[in-house]
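Chains A and B supply the protein sequences, listed in that same order.
In case it helps, numbering that gives the first Met the number 0 puts the first sequence at residues 0 to 177.
In case it helps, numbering that gives the first Met the number 0 puts the second sequence at residues 0 to 508.
Since no wrong hints were added, every one of them can be taken at face value.
Partial list, computed: chain B residues near chain A (C-beta under 8 Å):
#	residue
1	S323
2	Q452
3	Y473
4	L474
5	G477
6	D494
7	W507
Output of the computed footprint for chain A on chain B, the stretches with three or more beta carbons under 8 Å from beta carbons of chain A:
#	stretch
8	453 to 465
9	482 to 493
These are computed hints drawn from the structure, not numbers from a lab.
Model, not experiment: these values are computed from the prediction.
Yeah, the Cβ is synthetic: ideal placement off N, Cα and C, and Gly gets one too.
Next come the chains, spelled out residue by residue.
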Amino acid sequence: MFENSEIAQDDLPQVDSVSWLGMDEKFVRRLLAENALALGFVIIGIVFLQFVISTAFADDNVNISLGWLWLMIPVAAVPFFVWPSISVPRKGYALRDKDIIYKSGVFWRTVTAIPFNRIQHVEQSSTPLDRHFEIATLQIFTAGGSGGDLKIHGLPATVAEQLRVFILDKVGASIERR
Amino acid sequence: MSVADQENWLHTSPLAAIFYLGKIYQNIAKNAIPTLAPLFVLLLATEGDLTYRIIFALSVFVILTITGAFLQYWFFRYRIAENSVLIREGVFKKTQLDIKFDRIQAISTQQNIVFRAFGLVSIKLDTAGSAKQEGHLPAVKTSLADALKERIRREAQTISSTRKATSDADGEEHSENGARTLLKLDGADMLKIGLSSNRAWVFLVLLAPAIEYFDQKFGDNIDKQVVLSAFEGAEARVAGVIVLVMMILLGFLLFIVIASIVGAFLRYHRFELVADNDVLRSTGGLLTRHEHSVNLAKIQTVVATQGFMLRLFKRFRLRAKQASSGRPGTGKNLVVPLCEPGQLPMLCHEIFGAEFTDVVLEPTAAAFLPIDKHYVRSRIMLTGILPATAIAALMSIPLGPYALLFLLWIPIDAFGVSRLYRRYGVLATADGLALRRGFIGYQVTAFLHRKVQRISVTQTLPQRRRGLATLRFYLASGSVKVPYVDFKKACELRDYILYRIESSELAWH
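Please build the complete structure, drawing on both the sequences and the hints.
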């Protein structure tokens, strides 16, 4: 006989009572490095533009100044370099027996929970910059895939690999049970 | 490939060429310019008079497409293996498709007049995942389609045997092999479907500003002409033009309405919804009979919609959504184009069985609870006050005090937002959830908790101050957003649904 006895809400495991694990401590530095690189490219671009303009109009005695562009750099750089140390500490993940939980966001705080028995596949990836800091991204795919699949960026590479194996193991187990 | 293997591969009927011809013409219609360009080059390059050249080009075109269609037929081979359908196709680019039976979400068949005369159908095998993984079996015997359907039904039964057990335990009569007709639509219904088709009314809404524009433009012209024109009758002539334009537009509108009624007949004529054990099957169509079957276990969400016209007719449109690949428009739905409010509970019962008995799809039901009223305030702020004041401030430089007119957007927006707010309603039961929303009409989406793929709870800064949150459920058929609910309740619901998913032994697909 099929039974479905009622369960009190307080008896259910609560997502908010988990202890969160933070991202890799090198993650802030990795994001800063990426931003620094991007800024470096922008500076190179402006220098090149200045060079092109000055050679093109060298004969015409026209002095075109790109001063305002140079001014933009420190203005843009401040949020670029402050943001990672604000956002990274607010990211976190937690593993439970039957699901994985991920939180992120500074202004819009989101907590996402994915049960293992709904995961289609798991992907681990890393860019060259990630590898330099021994960091990896774990991407978890569920069916439908609307609204983008869950991406956890900033895990230590070893942890990401362990998580991938662990989750796949759990996913496989849940399939067999069916 | 050994000789024995080769013998196992089957050809479809040569009439499959018709199917491919249709596909080729569809593709040409989709990218008309690149495909027809060579033809035009041919047309210009050949000598002789124009009629001759056109006839020549047309015959080349027809011969090429027919040859292409026959080649595609010739290189198409299929085989029904023990637990999968194997397809080998492609003239230049070879495609090998192995579709496992348990991956097949639904089987739909199409039968045009020629196929009907020869007892053939085109089968489409919908799989979960990308649209490219879809299998077509063009022009095969009807008996094969039936056999495949039966095979997939059995596959579903082994998966959902537990599900059956629960519904049997409910003491419900389950007649094996008993196909029951749930719903039939007649000619008058086709009229309603055609009239309530969105296309006609979207066009009307789009047209409204255009009519206004023409009206103004001609109005201005009349003023100018009255002053400037040296001859009599210009005013009358302009008025005549306006009337003519209006007539053309009205005629066009009438054409679209008639076209959508004809479309309804073509698509849904003698529509029938049949429940056959674990399968829901819809058939309908005038020239081409469309058949769509879906396993009940594969249905992810059920959506009942009632637009403006359907509200007048007091009817609903029901869609049973299946898993989609995430890209919009790729989801497969079983559509019931028209049903009476009284039929909704019956259809729900057929789809959800004993699993979700307290589901309500009628939007006026008292069971729906409103969302938090702070929704109104924050939405008006975000979509009304902030953009309107910003634009008014910006525009005050060139327009002066007239820029204040932009502030009129705020009351319009407030009206719209309060309407949206009143349409929102949530019904969370022990087994599933139903969300009501809408603007002009209603849309009620219902799903079982165990079909949810993942859940997120999001809080914005103001929401955090007031202890509110936005819940989002991701299902294989798309996501469902429940905005502005109590944070504590949202967390409780999430924890409960996670428990339901994780303790569910049933497959979600």
